[in-house]
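Student: Got two chains here, separate frames each, mind docking them using the hints?
Spelled out from the first residue to the last, the chains are:
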Amino acid sequence: MPVLATTIDAGWYLVLAALIFTIGAAGLLTRRNVLVMFMCVELMLNAVNLTFVTFARELNDIRGQVIVFFILAVAAAEVAVGLAIIVAIFRRRRGATADDLDLLKDPTA
Amino acid sequence: MEYFIFFLAAALALAGALGVVLLRNPAHCALSLVVTLISVAIFFAQLGAALLVAMQIIVYAGAIVVLFLFVIMLLGVDRKESVEEPLKFQRPVALVLGVILFAEVVFLIGHQWATGASSSGTAHAIHGGGAGLGGNVERVARSLFTDFLWPFEITAALLVLAVVGAVVLARRSGESAETVEAGEAS
Numbered sequence: 001m002p003v004l005a006t007t008i009d010a011g012w013y014l015v016l017a018a019l020i021f022t023i024g025a026a027g028l029l030t031r032r033n034v035l036v037m038f039m040c041v042e043l044m045l046n047a048v049n050l051t052f053v054t055f056a057r058e059l060n061d062i063r064g065q066v067i068v069f070f071i072l073a074v075a076a077a078e079v080a081v082g083l084a085i086i087v088a089i090f091r092r093r094r095g096a097t098a099d100d101l102d103l104l105k106d107p108t109a
Numbered sequence: 001m002e003y004f005i006f007f008l009a010a011a012l013a014l015a016g017a018l019g020v021v022l023l024r025n026p027a028h029c030a031l032s033l034v035v036t037l038i039s040v041a042i043f044f045a046q047l048g049a050a051l052l053v054a055m056q057i058i059v060y061a062g063a064i065v066v067l068f069l070f071v072i073m074l075l076g077v078d079r080k081e082s083v084e085e086p087l088k089f090q091r092p093v094a095l096v097l098g099v100i101l102f103a104e105v106v107f108l109i110g111h112q113w114a115t116g117a118s119s120s121g122t123a124h125a126i127h128g129g130g131a132g133l134g135g136n137v138e139r140v141a142r143s144l145f146t147d148f149l150w151p152f153e154i155t156a157a158l159l160v161l162a163v164v165g166a167v168v169l170a171r172r173s174g175e176s177a178e179t180v181e182a183g184e185a186s
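Chains A and B supply the protein sequences, listed in that same order.
If you're matching positions, the first sequence starts at 1 in my numbering and goes up one per residue.
If you're matching positions, the second sequence starts at 1 in my numbering and goes up one per residue.
With the rest of the complex left out, here is chain B (with noise of 0.2 Å):
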């Protein structure tokens, strides 16, 4: 049964990130990329991250995408990409290359394996580890205030100067063009 749904993930998966890459309409692969993105968050309820389940949906599938079919719809783009290519063989270049980074990273799984210990025991460990250490949604929220407070707080600056980016590359150019000629005049 989990290798059923395990498989059926996996042809959504294949077919959303195949559907992103060779559909011509912006808005489609936008569609695509969400088949995707779910299909990861179905791996990741598997794999036992609950919380993750959660993020993936509401901030990919729901925030991320939404934005990009926002920016389509604004810049009405979703017209057909020319077809003709100014560098000639780029696409058999990048299927070979394509080819090679696979062998070389399937290459990898198969002869290398990550290092470092088991956390089993430890407050690490994603199951076990002790009473009272919580489920899933508690342990990464104990890892993430402790271990990784200092590199959360960073996210939340990096977050708020992300919006303040956004406003002024997004502000109409003619705002600034108009302020530039009011401080030379006075």
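Extracted from the complex, chain A is given alone in its bound form (with noise of 0.2 Å):
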């Protein structure tokens, strides 16, 4: 039985899911901070989730929510390599921005 079942179109949660997903994805574009570059991986994670329960209470299918567990435990693994990555960068580099990964750009260009 839904907890909080509602009537309120489909259509709602889909833009509001592609508006996050933009949001993330010009974040993504514009952001140096790899930390802050990766938040903003994790809001387009969030709305495709967002979508996935949407669909699945549209067509009535329980297989909507279990594809949403699979990606939450998938993000999960990735922000634990992605961040081991970025200490170990950090470690060697001494910054942790984008503009701070050029060692194959030609210093003397």
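Each hint should be verified, as a subset may be incorrect.
Unchecked claim - Here are some, though not all, of the chain A residues that point toward chain B, as calculated from beta-carbon distances under 7 Å: (1) ILE23; (2) THR30; (3) LEU35; (4) VAL36; (5) LEU43; (6) LEU45; (7) VAL66; (8) ALA73; (9) ILE85; (10) ALA98; (11) LEU101; (12) LEU103; (13) PRO107; (14) THR108.
Just so you know, these hints were derived from the structure itself, not from any lab.
All residues carry an ideal CB built from backbone N, CA and C; glycine is no exception.
Tutor: Here you go:
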């Protein structure tokens, strides 16, 4: 039984998820701090989760919610590995922005 | 009433998302992220996904954001980001691309709809579909441990690998150099 079953039209949820996804994508393109870029990826994942749960309600199919369960687990694994990489980079290069990762750039150019 | 809750949570979610993108201090960004995550949990509650509400709060707002804050404090990067941009026009171009992306997604929402038949009356239904299927938790659990058992086990392996990988990557580089030297000496 739904806890708070609503009759709100699914389109509202989908437009809201699209907005959150767009904000996350724009943030990923503009921010330089690697940690904040990571948070923007989490925003985009959450927008997709909201879309999944909305369509699960629309199609009356529990499998949409099960997929969100897997996305949560994969996001947790991704954050653990990603933050470990950021810590390792910070130890070597004393900075955690995308501009510090210019090892492949020709310094004379 | 439900529209009131929806628009309140929507305003909070958008404010939190904008805070993540616009605030300069990474610690403030992480706290804005919590606002958005809890608002998404409210939407899950409205959509009848009771188990996911608990998981969203525990895993995302609890574990993941605490991990972010922990790394921010550990590295001491909670200083403000420099405002000058090495790439010219990066922000306007990102804004334009974001608007285009949003227009595309809204166009798709208006013109296409997810295909697939409604599962009403089958074992996959969220509500209805015969007696004895139980509540939301029982239904998710039945689907997870029957149809999705193999992906579930793979996810368990993935989490173990992620833990091992995180430990290996975050190890101090000095230790690995020492073991290499010890290996060469022997």
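Student: Tell me the numbers of any earlier hints that the structure contravenes, in ascending order.
Tutor: 6, 10, 11, 12, 13 and 14
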